[in-house]
Amino acid sequence: NSSSLIFGLVIGVSGLFGWRYYLDQNNAHAVQASDMYMQVMQSATLKNIDDRTMDLNNQLINDYSDTPYAALSSLALAKAEYESDNVEGAVAQLELAVKHANDEAIKQTASLRLIRLYIEQKKNDEALALLFMEHDAVYDSQYEELKGDAYNASGKISEARIAYDKALQLQGPSASQWLRLKRQNLGADTEQAS
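Counted the way the numbering used here counts, the sequence shown spans residues 1 to 194.
These are calculated hints, taken from the structure and not from any lab test.
This structure is a prediction, so every number in the text was calculated from the model and none was measured.
Heads up, some of the hints might be wrong.
[Said to hold, decoys possible] Label pairs and their in silico Cβ distance ranges: (1) Ser34 with Lys122: 32 to 42 Å; (2) Gln121 with Ile11: 15 to 25 Å; (3) Glu104 with Glu159: 26 to 36 Å; (4) Thr45 with Gly12: 43 to 53 Å; (5) Gln59 with Ile11: 30 to 40 Å; (6) Gln177 with Met133: 25 to 35 Å; (7) Leu46 with Gln121: 18 to 28 Å; (8) Ile11 with Glu88: 52 to 62 Å.
Every residue gets a Cβ at the ideal spot worked out from N, C-alpha and C, and that includes glycine.
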């Protein structure tokens, strides 16, 4: 019995040390990702996006996509690119953020921003494809408003009215004046009026 007891004790202690090593490795991995993300953020804030910054972002995406920092880094670069009038660069970064986000809130934020840029670029089919993807119900009103924008930009006024009406209904009394104006500018639905 003593050999079984010793064997069990060795297994237990090994398991404990193994678990501790695993936790330490995960913590070190997250800290490294955080450090690289902070460097990307600093460059993005200063609008000093150079090859080193892009290399850090790519390393985050390739080696640290299991952390939220990969997608957050792409979001930060997308904002800096857009503010520097590089819409194509912003779109590319947002596409990366959507693809590599492991956090649903980050993914939804990136998706909504990407949809807005697609509409701005008159890529309404791409925008609508994203708008009809599965998303959390919390974002329904924003998705409906953007559907209205995409339909309106495509000349599909009837569909735009329906989407704006849904967005207004979902937002209720707290609906923005901007959304109300967008809906008013489309006029009354002639099919319902007759």
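Verdict for Gln121, Ile11 (Cβ pair) under range 15 to 25 Å: violated (60 Å)
18 to 28 Å as the expected CB spacing between Gln121 and Leu46, which holds or is violated: At roughly 27 Å between Cβ atoms, Gln121 and Leu46 fall inside 18 to 28 Å, so the hint holds.
Range hint compliance [Cβ, Glu104 to Glu159, 26 to 36 Å]: Cβ of Glu104 to Cβ of Glu159: about 27 Å, so the range 26 to 36 Å holds.
Status of the given 52 to 62 Å range, CB of Glu88 versus CB of Ile11: Distance hint for Ile11, Glu88 holds at roughly 57 Å.
Cβ distance range 30 to 40 Å for Gln59 and Ile11, holds or violated: Check passed, 38 Å falls within 30 to 40 Å.
C-beta pair Thr45, Gly12: status relative to the range 43 to 53 Å that was hinted: holds (49 Å)
Hint check for Met133 and Gln177 - Cβ pair distance inside 25 to 35 Å: Given a distance of about 29 Å, which is inside 25 to 35 Å, the answer is holds.
Whether the CB-CB distance between Ser34 and Lys122 falls inside 32 to 42 Å: holds (38 Å)
Violation of the numbered hints given earlier is confined to hint 2; every other hint is satisfied by the structure.
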